[in-house]
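So the protein lines, in turn, are chains B and Y. For what it's worth, my numbering labels the leading residue of the first sequence as 34, then goes sequentially. For what it's worth, my numbering labels the leading residue of the second sequence as 34, then goes sequentially.
Just so you know, these hints were derived from the structure itself, not from any lab. These figures come from a predicted structure and were not determined experimentally. For each residue, glycine too, the CB sits at the ideal point set by N, CA and C. Treat the hints with care, as some may be off.
[Stated by the list, open to error] Residues from chain Y that face chain B, not an exhaustive set, calculated with beta carbons under 8 Å:
#	residue
1	Ala73
2	Thr75
3	Ile201
4	Met202
5	Val206
6	Pro236
7	His239
8	Leu250
9	Val263
10	Asn265
11	Lys269
12	Ala275
[To be verified] Computed list of lysine to any residue pairs in SDA-like fashion (alpha-carbon distance at most 25 Å, straight line):
#	chain 1	residue 1	chain 2	residue 2
13	B	Lys288	Y	Glu378
14	B	Lys335	B	Met101
15	B	Lys168	Y	Lys288
16	Y	Lys283	B	Ala291
Protein chains: 2
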Amino acid sequence: MKILLDAMGGDNAPNAVLQGAAQAAQEFGQGMTIALLGPAETLKKAAAELSIDLAPFELIDCPEVITMEDDPVKAARQKKDSSMIRGLTMLKNGEADAFVSAGSTGALHVATSLIVRTLKGIKRPALAAQIPTLKQPFLLLDCGANAECRADMINTFGTMGSVYAQQIMGRAVPAVALVNNGAEDHKGTPLYREAHERLKTNPSIHFAGNIEPRDLLKGDADVVVCDGFVGNVILKLTEGVAGALLSMLKPVFLKNIATKLAYLTVKGGFKDLKKMMDSEEVGGAPLLGAAKPVIKAHGSSKAKGIKNAIRQARLCVENDLCGTMQKALDETLAAAAAAETAAAEGN
Amino acid sequence: MKILLDAMGGDNAPNAVLQGAAQAAQEFGQGMTIALLGPAETLKKAAAELSIDLAPFELIDCPEVITMEDDPVKAARQKKDSSMIRGLTMLKNGEADAFVSAGSTGALHVATSLIVRTLKGIKRPALAAQIPTLKQPFLLLDCGANAECRADMINTFGTMGSVYAQQIMGRAVPAVALVNNGAEDHKGTPLYREAHERLKTNPSIHFAGNIEPRDLLKGDADVVVCDGFVGNVILKLTEGVAGALLSMLKPVFLKNIATKLAYLTVKGGFKDLKKMMDSEEVGGAPLLGAAKPVIKAHGSSKAKGIKNAIRQARLCVENDLCGTMQKALDETLAAAAAAETAAAEGN
Chain B
34 MKILLDAMGG DNAPNAVLQG AAQAAQEFGQ GMTIALLGPA ETLKKAAAEL SIDLAPFELI
94 DCPEVITMED DPVKAARQKK DSSMIRGLTM LKNGEADAFV SAGSTGALHV ATSLIVRTLK
154 GIKRPALAAQ IPTLKQPFLL LDCGANAECR ADMINTFGTM GSVYAQQIMG RAVPAVALVN
214 NGAEDHKGTP LYREAHERLK TNPSIHFAGN IEPRDLLKGD ADVVVCDGFV GNVILKLTEG
274 VAGALLSMLK PVFLKNIATK LAYLTVKGGF KDLKKMMDSE EVGGAPLLGA AKPVIKAHGS
334 SKAKGIKNAI RQARLCVEND LCGTMQKALD ETLAAAAAAE TAAAEGN
Chain Y
34 MKILLDAMGG DNAPNAVLQG AAQAAQEFGQ GMTIALLGPA ETLKKAAAEL SIDLAPFELI
94 DCPEVITMED DPVKAARQKK DSSMIRGLTM LKNGEADAFV SAGSTGALHV ATSLIVRTLK
154 GIKRPALAAQ IPTLKQPFLL LDCGANAECR ADMINTFGTM GSVYAQQIMG RAVPAVALVN
214 NGAEDHKGTP LYREAHERLK TNPSIHFAGN IEPRDLLKGD ADVVVCDGFV GNVILKLTEG
274 VAGALLSMLK PVFLKNIATK LAYLTVKGGF KDLKKMMDSE EVGGAPLLGA AKPVIKAHGS
334 SKAKGIKNAI RQARLCVEND LCGTMQKALD ETLAAAAAAE TAAAEGN
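With the rest of the complex left out, here is chain B (with noise of 0.2 Å):
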């Protein structure tokens, strides 16, 4: 097995990438080679800097790097010897098996759906994070890349959610919810109304129903879908409400010497929360509906968070789960022409 890791994506490459991939050659490397792709005299100072041996790697030379301020289309179109897009054409090619980088999101989602193309039924691929819960993660998508979606889009991130969840995060019949303003089956906008109804009637999911977002991290659903604007306020006020609960809580500690004191006793108990809310623990989110497995790393990812991306390539890969992606839609999009063809006749 081959995976591309992009060394120049993200804040803080291409130290912090550097560091994941030899974390990730030592805890699970076996029976997998990991292609660092980048700018060679750059890699090649920055390991001899952290006295990493790239021995154990696959060098390819891409000279030239695509930037947060790059137009991710033109970027796509024309920064061909940069790391990202050297990377998924390789991937296209079949040179590889997966793709990670933790760049601009833009151009790796545009990028991904000119070069590497996607599943039969799939138009873009879908951005798919795990939130932490009381309970357990749940995958959310769309969280961004379509900030403008069609309930039938709406219905395949269900499908497509629900093979991930079974295959990637181990849960054996995963549970998927709409987000939606209220209970009920009528709840929402027409947009809502209407992904209720495909959802109901898919044959490849479990639907649990709508699900309000004051309830979302009491952590009951496994897979959550909307559109990718509503997905992005999600995914975006979580970090930001528990950030700034977080630095509201330290006037509360460093008010006195007690205040202080009472700190060290429960700075273990907070350590795991921070641990549970901590993104990097998960690693990245895939590019769902890409034709081959694309992990998209945080762009704040350090070492960890690089590591933990290569392994969930690594399990798209052993899992095959593209395959079994394509399989799921099939199903799901026959039965949704089959109920379209029965509305026809019936009308």
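Using the hints, position chain Y against chain B.
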């Protein structure tokens, strides 16, 4: 001034409503009559049990009750002898100055539109809630009254929210921001891009541009606008995440005797934090765009929430909120019409 209070609205009615009314009468009852609407016998019995003297209040006998199970539209049209419909009709007829209810949001929204009607240029009122932040609360609208919105509606939310922030929340020059999935002008769906363009040229507000959900609780905006589906997600998710995090903290302190002792030390600080996050401190959400002041108190309001909702209603009347809002809306709509004419002539 006369303020009408729906004594049968909310989970804790009529007891919490009567207690809130009694507190309001005592704390800021000067120059104001509070009229209690509900089945007279029920209210008298509850007041006697709570040892509340009904003498300072006007009692308006309304034998019917609207429940959460009632269909909002049907209830608004048929239950004419309910506290809500009777109150809104009195408000419409000039027999009182404002209406406060903790009852069904859907019924109150529909009935307000049908009976009290709306300001010129507004088709349906928006629900505006104050959200606590690291600094001061911001006003969020629409919070869910209008799941589907057009860009011109979001533009008027900006104007109405700005007037409310100025008149009632005491912000001299309110900064109005648009929720979006990026800070740049061109971000978002076509709806959000058009809303951005309109807000940018709205002469009645100080538009601060897009705000990302991650930054909402930093507290830099005074007014935040979006469609009602997204607003509902923001309102409910903020409550949900805050609640989940606080419940995650519990086991940290319950671990052993040392951590339990530690809790005693920081308890005061937590109380301040909880007070800051307490929606009862604000009281209620105004239905902005109604022709006269209508305040929706939280369904779970206790006495304090009701009292503060009455205080809000009083402030709206004292500041002639609706009159000021109509002037600002006239200006907003004239500018929008002029821009459209200019654009048409340009083509």
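Hints and how they fare:
Hint status for Ala73 of chain Y relative to chain B: violated, with the closest Cβ pair at about 34 Å, above 8 Å. A hinted interface residue such as Thr75 of chain Y counts as satisfied when its beta carbon comes closer than 8 Å to some beta carbon of chain B; here the least separation is about 29 Å, so the hint is violated. Among the interface hints, the one on Ile201 of chain Y is violated; its C-beta lies about 24 Å from the nearest C-beta in chain B, farther than the 8 Å criterion. Taking 8 Å as the C-beta cut-off, the interface hint given for Met202 of chain Y is violated, the closest approach to chain B being about 20 Å.
With a cut of 8 Å, the hint placing Val206 of chain Y at the interface with chain B is violated, because the nearest CB-to-CB distance is about 24 Å. Restraint check, Pro236 of chain Y versus chain B: the minimum CB separation of about 28 Å is more than 8 Å; hint violated. A hinted interface residue such as His239 of chain Y counts as satisfied when its beta carbon comes closer than 8 Å to some beta carbon of chain B; here the least separation is about 23 Å, so the hint is violated. Interface restraint check: Leu250 of chain Y against chain B, minimum CB-CB distance 4 Å, threshold 8 Å, status holds.
Below 8 Å, beta-carbon pairs count as interface contacts, and Val263 of chain Y has one with chain B at about 6 Å; its hint therefore holds. With 8 Å as the threshold, the beta carbon of Asn265 of chain Y comes within range of chain B, its nearest partner Cβ sitting at about 4 Å, so the hint holds. Look at Lys269 of chain Y: its Cβ gets to within about 4 Å of chain B, closer than 8 Å, so that hint holds up. At its closest, the beta carbon of Ala275 of chain Y sits 6 Å from a beta carbon of chain B; the interface hint therefore holds under the 8 Å criterion.
For the hint pairing Lys288 of chain B with Glu378 of chain Y, the CA-to-CA distance comes to about 64 Å; that exceeds 25 Å, so the pair is violated. For the proposed pair Lys335 of chain B and Met101 of chain B, the alpha carbon gap of about 18 Å is at most 25 Å, so the pair holds. Taking the CA atoms of Lys168 of chain B and Lys288 of chain Y, the gap is near 18 Å; set against the 25 Å cutoff, the hint holds. About 19 Å separates the Cα atoms of Lys283 of chain Y and Ala291 of chain B, which keeps this hinted pair within 25 Å; it holds.
Going down the numbered hints, you'll see the structure goes against 1, 2, 3, 4, 5, 6, 7, 13, while the others check out.
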